[in-house]
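Starting from the known structure of chain A, fit chain B onto it as the hints suggest.
Each chain is listed here by its residues.
2 protein chains.
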Amino acid sequence: ILLDQLEASQQLKLLTGKRVLITAGPTFEAIDAARGITNLSSGKMGYAIAKAALEMGADVTLVSGQTPLLPPYGAEVIKVTSAQQMLNAVMANLTQKDIFIAVAAVADYYVLNPSEQKIKKDAHILTLELAPNPDILANVMNLPEPPFCVGFAAESENLLEYAEHKRRKKNLPLLAANLIQDGFGGDENELVLLDDKGTHPLPRASKLTLARQLLRHVANMLPKSSTKE
Amino acid sequence: ILLDQLEASQQLKLLTGKRVLITAGPTFEAIDAARGITNLSSGKMGYAIAKAALEMGADVTLVSGQTPLLPPYGAEVIKVTSAQQMLNAVMANLTQKDIFIAVAAVADYYVLNPSEQKIKKDAHILTLELAPNPDILANVMNLPEPPFCVGFAAESENLLEYAEHKRRKKNLPLLAANLIQDGFGGDENELVLLDDKGTHPLPRASKLTLARQLLRHVANMLPKSSTKE
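Residue numbers (my numbering), protein chains in the order written: chain A, 6 to 234; chain B, 6 to 234.
Chain A extracted, bound-state conformation (with noise of 0.2 Å):
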């Protein structure tokens, strides 16, 4: 702990005066009053990411799934269910921005007409429709002055291909990509950052550190006096 106080401290700071909008954890679909789609994210990744970009001197917001981590102290934070309710809490809290960075595993899918009650077992196969719910990403990318975006890629198979699509598809900066199972769940992963110039891989390390790097990425990336008025 006090190890970890230090290393705190001596991050520079090099994010002061900066407005960070961070979505994190998974997201959680309903199907009925207790059943959902969810996904194996634990948030761990993207609460690291608001403890480091606290560190380095940013104001940061914290828009969560529903995860039991505790937030890191000094995160204004806003607690979530369903994809859609992240995107609108991503939406009403954009305003001044400097940098949106997209961590959530948010659900692609959501279930048309979900139960207000518990549906009763039967013997029979049920089949449950999905419609795809909205792109918080493509939204933010899409107003007239978007922040800095950063988006992640969680892939099974091709990872570079995969989110170099990912990338270009949503015109992003930059992307961090990681393989669901090197990351999913534990206290460590290793990342691939994507951006114009090449591929950047991060190896294996725990995600705090991590984080600490993306965001040092992050703060070279920015143009010179970008915060917002």
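Please keep in mind that the hints were generated in silico from the structure rather than gathered at the bench. Worth double-checking, as some hints may not be accurate.
As the list makes no split between identical chains, a pair holds if one copy fits it or if it spans any two.
Calculated pairs, SDA-like style, for lysine to any residue (alpha carbon to alpha carbon, straight line, at most 20 Å) [as the list claims (entries may be wrong)]:
(1) Lys18 to Glu166
(2) Lys229 to Leu207
(3) Lys84 to Leu45
(4) Lys123 to Glu134
(5) Lys126 to Asn138
Frame of chain A, contents of chain B only:
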């Protein structure tokens, strides 16, 4: 904490020598490498029952779905993900158990043909086919010499009607019923116990308090000298 330890030490050893198997938490049914169907169960009620059973002198085996909770000290813990895994763990650990308490919120359905790789998002409606999961409690009750079985029912409406129907259908000596909106995720709950003598409401209290009350009820219902050899 001290008060908690004092209360714990004052529990009557009504279950000394008894072997208790408890399921707890949600199950997670994979859709693909990252996504799955789960439910809002936190595991807190099942873990509280495990703790209370240990206080009362029992040997406790806890088969737990994925939850960040710390298991009570002294319990044998088996971690599982899906309903099928939970069934396998229960059946493999039933030998010589005196009491089986099925608290887990087991997914009623699993996803047919889950994908090993993460399904790529597209703009179309996706259809998931779900098939019924095995009923763990029914499998246990169908054994030639089942342990004393306690079921749980979590309902969003018609609590007593649905719960008594479940108890009779499964031929259970005792069932604890609760409303999802009262208990899921929180530290408190309220229960209604249903047995052949009728209904026994346990008013709102901490889950540990309710767990102790439930186990005293169980201890009273056990046949004398029922410990399995």
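Hints, verified against the model:
Within a single copy, Lys18 and Glu166 get their C-alpha atoms no closer than 34 Å, and across copies no closer than 61 Å, so neither meets the 20 Å cut-off. Taking the shortest alpha-carbon separations for Lys229 and Leu207, neither the intra-copy value of 25 Å nor the inter-copy value of 64 Å comes in at or below 20 Å. In this assembly of identical chains, the alpha carbons of Lys84 and Leu45 lie at most 20 Å apart whether taken from the same copy (18 Å) or from different copies (15 Å). In this assembly of identical chains, the alpha carbons of Lys123 and Glu134 lie at most 20 Å apart whether taken from the same copy (17 Å) or from different copies (18 Å).
Only between protomers do Lys126 and Asn138 lie at most 20 Å apart by alpha-carbon distance; the minimum there is 10 Å, versus 27 Å within a single protomer.
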